[in-house]
Amino acid sequence: MRRINGTALIIAALVATLGALAYPVWSYADRSGTGEANLDASTTSTQWGPLSATDRDFLVKVRLAGLWELPAGQQAIERAPTEAIKAAGDHLVVGHTDLDRRSRDVAAKLGVELPNQPTEQQQGWLREMTAASGQEYERKFTNLLRNAHGKVFALIAQVRHTTRNSLIRQLATDANVTVLDHITMLEGTGFVDFDALAREAAGAATASPTGPPAAPSGSVLPQPVPAAPTGDQSFTSRPSTAPMP
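Numbering of the sequence shown is given in full-length UniProt numbering, commencing with residue 1 and proceeding in unit increments.
I should point out that these hints are in silico values taken from the structure, not numbers from a laboratory.
Treat the hints loosely; a few may be bogus.
Said to hold, decoys possible - With a straight-line cut-off of 25 Å between C-alpha atoms, the simulated BS3-like cross-links for lysine-lysine are:
no., residue 1, residue 2
1, K151, K140
2, K151, K86
3, K86, K140
4, K61, K109
5, K151, K61
6, K61, K140
Note that the coordinates shown come from a computational prediction; the quantities given were computed from them, not determined experimentally.
Turn these sequences into a full structure, and let the hints steer you where they fit.
Right under this line is the structure:
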């Protein structure tokens with residue numbers, strides 16, 4: 001009887017140990033604080049698919065972009081210091097007029113409340129441009145807007161990649177085209193400070209980029225050595241007679 005009781009105790013202990021080891025794995029996806037749990041907690045159901053917190057943030061940012069970039073574009077058209085600045089302003093007005101209308105329509109269908117005025121920071125940018133003149137105005141207009149468009153471009157890509165809502169997905173697709181067009185027009189002015197953009201992004205980065213180190217200045221990179229010919233050479237390549245592209 002003692003042997004049977006001892007065996008039963010051992011089996012019970014083994015079962016309890018296995019259960020304790022398996023429980024964290026089984027329950028991990030439902031534990032509070034995990035990415036999946038947070039996603040579920042911040043998501044609401046709609047007839048067009050689940051609407052996440054990132055989706056709602058995207059709608060708000062599209063609306064905010066229009067609230068300050070539309071007047072910025074109108075100002076550029078009125079001042080028109082160069083044709084390139086005027087053209088960029090025209091693209092801003094046309095693009096954000098359409099995106100603003102679309103974002104408000106989508107927000108109304110999804111029950112998302114949108115702001116009605118730019119943020120304090122965006123209002124500050126508008127004041128900076130209004131107070132500037134000459135090339136200072138051209139540089140402020142171009143770089144403030146180019147920087148803002150570059151940052152929202154990253155959000156658009158994330159939303160387009162991850163959203164499960166068809167209305168948000170279509171808006172992100174259209175916003176991607178519009179924002180890229182605006183970036184291209186702003187860069188066409190010749191005033192974008194790419195070095196400042198790169199340094200700001202590097203300062204905000206949390207991880208070092210991977211890849212081989214840069215070659216020392218003035219060094220000559222090693223060239224690959226062609227392999228020695230082997231076997232039948234009847235198919236040796238000949239100079240192409242086709243024109244260069």
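Taking the hints in turn, this is what the structure says about them:
1. K151 - K140: Given pair K151, K140 holds - Cα atoms ~17 Å apart, limit 25 Å.
2. K151 - K86: Roughly 23 Å separates the two Cα atoms, so the pair holds.
3. K86 - K140: Given that 25 Å is the threshold and the Cα spacing comes to 14 Å, the pair holds.
4. K61 - K109: At roughly 17 Å apart (the allowed maximum being 25 Å), K109 and K61 satisfy the hint.
5. K151 - K61: 11 Å, holds
6. K61 - K140: 21 Å, holds
The structure is consistent with each of the numbered hints, conforming to all of them.
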